[in-house]
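S.K.: Order-wise, the sequence lines are chains A and B.
Quick note on numbering: the first sequence equals residues 1 to 117 in my numbering.
Quick note on numbering: the second sequence equals residues 1001 to 1112 in my numbering.
FYI, nobody ran anything at the bench for these hints, they're computed from the structure.
Worth double-checking, as some hints may not be accurate.
Partial selection, computed: residues in chain B whose CB lies under 7 Å from chain A [what the hints assert, rightly or not]:
#1 Y1032
#2 G1043
#3 P1044
#4 L1046
#5 F1089
#6 Y1098
#7 K1099
#8 F1102
#9 G1103
#10 A1104
#11 G1105
This structure is a prediction, so every number in the text was calculated from the model and none was measured.
Cβ coordinates follow ideal geometry from the N, Cα and C atoms, glycine included.
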Amino acid sequence: DAGITQSPRHKVTETGTPVTLRCHQTENHRYMYWYRQDPGHGLRLIHYSYGVKDTDKGEVSDGYSVSRSKTEDFLLTLESATSSQTSVYFCATKTGGGSGGFNNEQFFGPGTRLTVL
Amino acid sequence: QQQVKQSPQSLIVQKGGISIINCAYENTAFDYFPWYQQFPGKGPALLIAIRPDVSEKKEGRFTISFNKSAKQFSLHIMDSQPGDSATYFCAGREWSDYKLSFGAGTTVTVRA
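This is chain B alone, in the form it adopts within the complex:
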C-alpha cells in the first residue's frame, strides 16, 4: 500500500492562479520530503524538498508547507504559468533508508 497519499489526482488552474497539491504520510520515520516535477515524455526531476524541522520552504513561486503533527505537507504554486503544466509527485524517505515512497501524482494544467 502507498505510504504517501496524494490529492487531487488532477487540477486545472487559470494562468496567474494558485495550484495546491496535498500529501499525507503514515510513516513517522520519514525525515525527507521531496517534490518531483515531470513533463510529458520526460523523467521526473527534483523540484523542491523539505525536512520536518521546518514548517515552510520557498523557492521562487514554489512553496512547501509542512505540518508535522498532522503528518501532512503540501505544494503551492503561486502565479501559475502554462509552463508549470506537468505532473507533480510528492515523496517521503526514512532517515536510515535510500528509497523514496512516492504519491500517486497530480497532473496540473494551467490554462492561458
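Chain A on its own, in the form it takes in the complex:
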C-alpha cells in the first residue's frame, strides 16, 4: 500500500446534508485525485490536485468541491448530498515528475462507501 487512508470508510446520510470525505497520504505525493465508482461507469474523475491549494475539475465535478491545504490531505465535500451521489469514492495519489519514466502509477486508497437516503 502507498500509505493512503480514507475516512470514513462507510457513511449513510440524508439528502440535502453536507458531507466531507477525507483522504490522507504519507508518501508526499504531489498529485491527488478523487474518483467515484459506479456499476457500468468504471472510475470517473471528480476533482484532482497538482499541489497544495492547486486543484482542478474532473469529468463529474458538479455538486462536489475539494480543498488541499496540506500535501498529505485532500478533502472532498458534497455541498448538499443527493441520492445520485450514492457511490463508492476512491482517493488516489501519484508522485510528481509528469509523463516520463516510472512516475505514471496512481496508487488508490481503500475507498469510502457513501449512501445518500
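Add chain B to chain A, keeping to what the hints say.
M.R.: What follows is chain B alone, placed relative to chain A:
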C-alpha cells in the same frame, strides 16, 4: 462520454483457460495505457502498462497486446486462476496530462 470503451462487461472462464478483455480508445494523444486490477472491497492497483511504441508487453501470465492503427489494446490472462477473479480496468492518458481516463471495467470470474 467515455474516452476508453471496454468489453466485455463480465466474463467467466474455467481454471487454466485464457481471459481476454478488449479496450478501444478515441484520443490519439494517449501515450500511456495501464491496466488496473481490483479485488472486492479494495482499491484498484496497477497490474501492467504499455506505451504505444511497442505492440506487446508480458509480465508473468498477463500480456497486453497493442494495435496502434486500430486504436485498440487488450489484456490476456493466460492459465487463469481463481485468484485472478477480480474487476479489471483499462485506461489511457495523454502525454501532457496527469489524468487517467478509465474504461467501464470487466468483472472476471475464474471457476475452479
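S.K.: Take the hints in turn and mark each one as holding or not.
M.R.: Status of each hint after checking the structure:
With a least beta-carbon distance of about 6 Å to chain A, the hint placing Y1032/B at the interface is held under the 7 Å criterion. Below 7 Å, beta-carbon pairs count as interface contacts, and G1043/B has one with chain A at about 3 Å; its hint therefore holds. Because the beta carbon of P1044/B sits about 5 Å from the nearest beta carbon in chain A, less than 7 Å, this interface hint is met. For L1046/B, the suggested interface contact is upheld, since its CB lies about 5 Å from the closest CB of chain A, less than 7 Å.
For F1089/B, the interface hint holds, the least distance from its beta-carbon to any beta-carbon of chain A being 6 Å, beneath 7 Å. Taking 7 Å as the C-beta cut-off, the interface hint given for Y1098/B holds, the closest approach to chain A being about 6 Å. Look at K1099/B: its Cβ gets to within about 6 Å of chain A, closer than 7 Å, so that hint holds up. Satisfaction of the interface hint for F1102/B is found here, the shortest Cβ-Cβ separation to chain A being roughly 4 Å, below the 7 Å cut-off.
Among the interface hints, the one on G1103/B holds; its C-beta lies about 6 Å from the nearest C-beta in chain A, closer than the 7 Å criterion. This hint holds: A1104/B has a C-beta 4 Å from the nearest C-beta of chain A, less than the 7 Å allowed. At about 5 Å, the closest approach between the beta carbon of G1105/B and any beta carbon in chain A falls short of 7 Å, and the interface hint on this residue holds.
Violated hints: none; the structure is consistent with every hint.
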